[in-house]
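Can you make the complete structure from the sequences, with help from the hints?
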Amino acid sequence: MSEPAATTAPGDARGRGVAVQMLDMKRSYGSVQALVGLSIEMAPGELVALLGPSGCGKTTALRALAGLDDLDSGRILVDGRDISNVPANKRDMGMVFQAYSLFPNMTARDNVAYGLLLRGVDTATRRRRAGEMLELVGLETQVDKYPHQMSGGQQQRVALARALAIEPTVLLLDEPLSALDAKVRRQLREEIRRIQIMVGTTTLFVTHDQEEALALGDRVGVMSAGRLEQIARPTELYDRPATRFVAEFVGLTNRVAGTARDGRVAVLGTSLPLLEGSDATGSVTALIRPESVRLSAEPGAANHVVAVSFLGSLSRAQVQLPSGELVVAQMAAADVADLAPGTAVRVTVLPAPVFAVAP
Amino acid sequence: MDAVAPAAPDRSDTGASSGGTGARGSRHLGDYAGVVPFFVYIGLFLLLPTLIVVVGAFQANDGSPTLSNVESVLTEQAFLAAFGRSIWLSVVTALLGAVLGGLLAWAVASGDPNGRLRPIIVAASGVLAQFGGVMLAFAFLATFGFNGLVTLLLRDSLGVDPQESAGWLYGMNGLAVVYTYFQIPLMLIVFLPAFDALRREWRDASESLGGSSWTYWRHIAGPILAPSFLGALLLLFANALSAYATAAALISQGSPIVPLQISTALTSEVVLGQANVGKALALAMILVVAVVMTLYALIQRRASRWAK
Amino acid sequence: MTATRGSGQTRQRVARAAIILLIGGYLLLPMFAMLDFSTRGPGGSRTLDSFIAIGSNRDLLEGIFNSLATAVLTVMGMLLLLVPTMTWTIVRVPRMRRVVEFLCLLPLAIPAIVLVVGIAPVYRGVTFLFGGSALTLVFIDIILVLPFAYRALDGALRSIDVATLADAGRSLGASWPRVIRQIIVPNIRPGILSASVLAVALVLGEFTISSLLNFDTLQVTINLIGKRDAFISVAVCLAALTFAFVLIYAIAAFGSADQRRRQVAKEDE
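Residue numbers (numbering that gives the first Met the number 0), protein chains in the order written: chain B, 0 to 358; chain C, 0 to 307; chain Y, 0 to 268.
In case anyone wonders, no lab produced these hints; they're calculated from the structure. Bear in mind that the values here come from a model prediction, so they are computed numbers and not experimental data. Virtual Cβ for every residue (Gly too), placed ideally from N, Cα, C. All clues given are correct.
Label pairs and their computed distance ranges (CB to CB):
1) Pro185(Y) <-> Arg232(B): 52 to 58 Å
2) Leu27(Y) <-> Ser251(C): 24 to 30 Å
3) Leu27(Y) <-> Arg304(C): 37 to 43 Å
Right, here's the structure in full:
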């Protein structure tokens, strides 16, 4: 599991960040509704991660903020000013795309300097500033290379440098890591966050990878079918999902049958408090996190271990209940060591609140 | 880790049809057997004729080696004039075709890639570009010839004498117009893929960085398209230079351009000693076209280097 | 409603429409003129007589037959020559791939008018072996088609992993002819279709070599008859062009529908 998100208060760094408000954005393409009244407010210097499956509208929202796509209705305010009708090339926002966005006919330096060229900055200053930005992203040795001579990770760093070179009011990242290898992705993720905190620009980061979103965001917004399901700090999203979608989409879940009554649910032999928004009565399916499930060897118990996966510091064990349901428990590797497949175990659940949905 | 690595798959071939083991990259003689038919065919029907032309250019009628053919080609007024006209024709129609075809390519590329207009235009271009000069010559005769649609319209509405309004078609200017007519579709076919290679992200990135349409074309799309444009221009040039059918259909008197000179030399047995001069002309043509096509290939390779 | 993209896009749309109308109009004008020309009847009337006359003109029918037959033979010969050779170079002798590519593109540098000068002696041999029919043009037509066919087939071959497919087939016991026929060919159908259509168009439009070698193909007959009766010639031209257009458009539409079907299948995974 990744480390908790950096806990710097937004706007700490250099105060360059501005507040952004997206109000009631609506957009349809023919019969498909891409955005259904989306509203998000971003504090100065904050990094908001927008998370959701393909087609949920997160990229549409980002592009609307950038001005690259129109909205049917809704408003966008940056630093208090309504920029809804300002064309994209006047919005002064830096954007990093998923891939292929570097101009192939220019070196890294020229790519980064392009925005400055457009603003009439003189050659010497341009070159110097571009060099500084490339140094910021760790590519001072690649300044004169062309995109096709660089790896995917390097290209995305250049793209980031290019976006930051113009000192944008808002930084927009459209799944910048999705096209990269897993290892490069993790490295670059940390760097992006470090740089963003240092520079202090308000940032919107779109991704379909929850690990990324939870690791990076000051707050994470989960989207589905054009609407915002929940926007909150990562820990809150994880521990207290507000809707069924969020509960099922974020993190791993066990789906176990239980009975709900009076704000609690009876499941796996104990009674757990229900989270708001759950289905509150009768037969329900409780969504329980693997790390909340505990196993201990108990000869003669009705539950049996079916499989064990060793993951380094953790292990996951799959257990079959008498009802036939399968439950996954996640514990420290040492605690699972003697729970080989076939072992009879007792299943207990930590008393944290859970979400329940109709079966 | 002490795991036993699986043995590399044994590549010995049990098939009877090919000789030797089949490990890819090995250079057993049997492997080359597969390409022999191809080489024989090419050798017989492409390389041999070319050789005959090249060798024949340096042969007198009795077979003895001579430079007189080449000399005639390079010095005689008739030939030089023909070269001049051929090159003028090719340059002009290549430029016109490249510019107009380029505009058309842009118009088609910026439209809906899944719409119905695009395949229609691409298919029509394929037909017009490849389909042979004779039919296009007749098409133009039907339009601008002495009995052509436009000629008759001009006569009936403005009282213009057909002799005046149509005569140009049968000369060099007529050739230029008809050539341009098939250069435009050829340009579309050759240049359109270059537009498809322009990624949308580049336009978006330029805009988000503050660029306008003009700056996008000037700094990004223009430089990226330039090599393909140049390459296409060269291709159009070579195409016009070697075209024969249109001229054969339109021009009934004389041989103003090189391909017609070649055909005259080939078919006229009246003038003795001309047969190998035709070969010398052909040789000259090969050299020019070969140079142009080599440049084209080099430019193509350079352009594709960026499109990774 | 935000309007950040509005004005720029309208301007673009107007420019596009203007260009397509103007240039497209220029390209369509002669087609239209041909239609007018070929349907002219006595006294300013409209008639399809010229088209009907095609059916009774022996020379034309002979030319049409010769060209169509040669086109079919060319397609077959081109595929027979290229598909096995190209597959072989990919799987067995990759270093020959460059050589084959060069040779296939060479005809672009040796124009037909030049080729015909040197081909006469070779064709004396051909006529000796195969007779004097116009269909013997297939040998030289295949050469003319090579650059275009190669590009189409190469594109298709690059889009599938030929080496792995061939290996898979061979390891299951298939002989080379089977591998090519049953494994490679079905997977490069778009390329084969494209190459074939280009070949047909080229053969139907070929004039230079046919006329200088004195064979009666479609174009040669059109040209000959054109001197006597322009109306029929123009009618045939129009018919041939329309035929080629329908053919190319149908194949392209079929090809992209096929592509879309495959894409949808992939996304369903």
